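**Student:** Can you build the whole structure from these sequences, using the hints too?
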Amino acid sequence: MDLAEKLAILTDAAKYDVSCASSGSEKKGKKGSIGNTAASGICHTWTSDGRCISLLKLLYTNICCYDCAYCINRRSNDIPRASFTPEELAKLTIAFYRRNYIEGLFLSSAVAIGADHTMERLIRVAELLRNQERFNGYIHIKIIPGASPTLVQRLGYLVDRVSVNIEFPTSRELALLAPDKEAASIRSSMLSIRDKKIELLPALYRGAAPPRFVPAGQSTQMIVGAGDSDDRDILTCAEALYQQIQLKRVYYSAYVPVNQHVLSVGSIQAPLLREHRVYQADWLMRFYGFEAREILGARDFLDLKVDPKIAWAIDNYHLFPMDVNTAPLEMLLRIPGIGPRSAQRILASRRLVRLNYDTLKKTGTVMTRARYFLTADGQRPYPSLNDPGKVYRVLSGMDEENFKQLSFLEAN
Amino acid sequence: MHCVFDGSFDGLMTLVFDTYKSKDDIDAVSEYSGVESLLPTFYFPACPDKARRVKAYIDKSLGVDFAFMARAAFLSNRETRFRAIVKTIHLSCSIGKAVLDLLDDEVLNFIACQREVNWEAHRFMGILRFKQMNDGSMLAVFSPKHNVMTLVLPHFADRFPEEYLLLYDEERHLAGLSGQGKLRFVEVESIAPQESLQEAELQNLWRVFFDHLAIRERFNPRLQQQHLPKYTWKNLTEMQ
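So the sequence lines, in the order shown, correspond to chains Z and L.
Each residue of the first sequence is one higher than the one before, starting from 1 at the first, in this note's numbering.
Each residue of the second sequence is one higher than the one before, starting from 1 at the first, in this note's numbering.
These are calculated hints, taken from the structure and not from any lab test.
Hints should not be assumed to be uniformly reliable.
[Unchecked claim] Okay, the calculated beta carbon distance ranges per label pair:
1) Z:V258 with L:E201: 52 to 62 Å
2) Z:P179 with L:G63: 53 to 63 Å
3) L:G63 with Z:L329: 39 to 49 Å
4) L:L197 with Z:P149: 39 to 49 Å
Since the structure is predicted, the reported quantities are computational estimates derived from the model, not experimental observations.
Ideal Cβ placement from N, Cα and C applies to all residues, glycine included.
**Tutor:** This is how it looks when you write it as C-alpha cells:
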C-alpha cells in the first residue's frame, strides 16, 4: 500500500475527533531545531465543512480489537485497514511542517493488540520527532485508555498536550456503547496527568527549572446525541472536568451515524444545532462566570431556538434592564450581546464618559440583542418590552436562520 | 489642512511633532505621491531627531503595546490610517494611555486598522504555503491586503532557523529573506521559482489529507469561506 492510500484511510479514521487546537504552549525557536509554538495557536486551513485544520490529525492504525457502537473503526465494520510506521509518520510530519501546512501532529490510534502496545508506538513517534528530527513544534497525543501510568508519564514529557476521550457523560452510557472501555481508567489517567503537573509547578518543584510536562494541558471529547444523555448530564460532567481535573478544553461532537444502526433516541433532528448550543453553554461556563445549573434552570435540554445566554436572561427577566454605567463586570457579562471584550471596553470607557446609546454601540455591544436588557444614561434604547415572552418571540425569530443552517437535513 | 509626508514611519512621526500646535486643523494625511495636488498641501520633511523624540514619548508614556499598535496600523491599507495614527497620538498627549478607551472615531479607526493588520498577519502565519526549490530553499508567495511582510517574516525566521526562506508579496513586489539568522527586505519585480522534484508528491499528499479530513455530513462551504476568504485561495495548495 502506498503512502497516499494509507494517509487517506487513516485520515478518514481520525476525522471524527474534533480537537485540533494548537494553543496553550509557547515555545521560541531554537538554533539547530525546527519549530516553535504560539500561545494562541495557529489555524492553517479550513475543510469544506468549515472546521479548522491546525494539526496533522491521524490515527497510527485503524486496526482495532474493540467494538464500540458509535465508532467507525469498530472491529465489526468492514472497512479498509492500514497502519503507519513511526518513521513514516515522523518524516511526513516534518515534510508538512516545513511547508507550513500544519502546526504539528495530533496522533491517536485504534487499539490493535493492547493499550500498552499501542501507547508505546505513539511514544515512539513522539521520540523520533523530538530527538531525531529535532522537532520543537506542537505535538498532541491521545492517551490510550488503560495504558500503564509509567507510559502515560513518559509521554507527558515529550508532548504539548494529551487527551483521553471520555466519550459519554455517564459511565452507564460508556458501558453500554463502549463496552471495552472503562470509565475508571479514563478518569485515572486524567488525574495522573493533573497530579504530575501540580507536582512540577515551579512553586512546588525542588531544583532549578522543572521539566516541561504537557505544557498545553489536557482536553477531552464527548459525543452529543449518540446515547440517551441529556444536556444536563453533559454540562454537569464538563463543569466537573474543568473544576476538578483542570481540563483546558472539553470538545463536543454531534454524533454522525457512521454505523448502520441508529443509536440515538432523543434530538435526532438538528444534532449540529444541539452541539452548537452545548458549545455556547461551555463558553458561558469558561468565560462568562456561569454555572451549569444556572444555564439550565429548570430544563434538561438547552433551548434550541435561542442561545443559552438569552434563555437565561429571559428566565431571569426581573434582573433587567441593567444600567451599563453602573453594573459590575460580572453582571455586564450576563447581558446578551455583551461579550468579554465589549464588557472590558465598557468598563474602561465609562471611567471617562457616561455611556449613552450611541457610544455604547462603539464598544462592540451587539445592540440587536442587548437593547432588550439594558439602559444607558437613562435611555432605554428600545420601546421597552416588559413582557419576557414577547422578547423571547422576537429573539427566537432572529435565530431561525441559524437553525436552518445547522441541521443535517439542510446540509445534505 | 492636507498634510503630506515621505511615506516612512519616521516621516509620519515627524509630522506628529510638527503638526501638534495646529492639531485641530488636520483634515487629511497622505504619502507624497510625486504628483502635484490641485488642493493646497503642506509637506513635512522627515527629521530623525523629531521622529526619535516622538517615538521616545510613545515608548515611555504610552507603552510598548501602543508602539506595536502604531507600527501595525501604519501597515494598513485604509486610506485614513495615517490620520488616525496622528490624531490618536495627539489626543494621547492630554490623557495618556487611556486614549485607547476614548470612544472617539479617530481612535476607534486607529484600533480597527491595527486589528485588521494583526489579524491578517496572524492568518498568513497559518495559510502561507512554502514550496521547496531546487536549491533547497523554501519559497512562499502571497498577496495580502495589508503590508504584513515585516510582521510575518520574523515568525517564520524563528520557526525555521536552519532554512533559507523567501517570502514574496506579489501585490507589492516585496521580498523578505531569512537565512543564517538574518532578515532582509528587498523590492523585486518578479520571481522565477524552480520547484524541487519531491514538491509535487508532497503537495498531492497534503491534498489527500485535506480532502479526507472533511466530514461530508457537515458540509458547509459558507463557513469555510468565512475563515478562508477567496482572495487567499490562489496561493493555497489545497485549493488548486
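**Student:** Please go over all the hints and tell whether each is borne out by the structure.
**Tutor:** Each hint, compared with the structure:
| no. | hint | verdict |
| --- | --- | --- |
| 1 | Z:V258 with L:E201: 52 to 62 Å | violated (30 Å) |
| 2 | Z:P179 with L:G63: 53 to 63 Å | holds (58 Å) |
| 3 | L:G63 with Z:L329: 39 to 49 Å | violated (23 Å) |
| 4 | L:L197 with Z:P149: 39 to 49 Å | holds (47 Å) |
Checked against the numbered hints listed earlier, the structure breaks hints 1 and 3; every other hint is satisfied.
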